[in-house]
Amino acid sequence: MSTIETITNPKQRKGKKGTNSAQADAIYQALDSMEAHVLPLSALVQSALNVRKRPVDEKALSELADSIQSVGVLQNLVVYPMGNDVYGVAAGQRRLLALQQLVEKGHIAPNYPVSVKIVPESDALIISLMENSHREAMHPVDQINAFIDLQKTGQLPLKSGRYWVLVPIT
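Each residue of the sequence shown is one higher than the last, beginning at 2 in this note's numbering.
Don't take every hint at face value.
Simulated pairs of lysine-lysine, DSBU-like, Cα-Cα distance not exceeding 30 Å [what the hints assert, rightly or not]: (1) Lys106 with Lys153; (2) Lys60 with Lys106; (3) Lys54 with Lys153.
The hints are simulated quantities; they were obtained by calculation from the structure and are not laboratory data.
As the structure is a computational prediction, the values presented were derived from the model and not from experiment.
Assemble the whole structure, with the sequences as input and the hints as a guide.
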């Protein structure tokens, strides 16, 4: 099933508070101006390009699932095509897991419609890192591994930590 609905979103972001990078601003602006699409949940899978690698806190995940069941998904997932009508989730892994938990509990159907922004695979890793750097603190190992992965692909947008606050472990 490759039916994708398009949602036009005229809302434009004026700028992200605390963002010091022109590249980050450009990516946020591009994401905001992209059309949202609706894909069935069953077409979405976890991606190796998502920077979060640690297991999620099950209690927090259940709370997120409860929230989604009550009010829906409030923020688009960011995905990239993997072929065969499958999309990897670059940003929104916890939302994906919460939705999958709701399917397992029988609260929603496997083809539940999910609003997504579709990006090229080449942008997935940097978008995942940016989103997760501005959200709940990432585990330092996940953050270091993400920077290493970005450097391997030649996409590391900085030569120092000035765009992301890196807190030393004491």
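How the hints compare with the structure:
| no. | hint | result |
| --- | --- | --- |
| 1 | Lys106 with Lys153 | violated, 40 Å |
| 2 | Lys60 with Lys106 | holds, 15 Å |
| 3 | Lys54 with Lys153 | holds, 18 Å |
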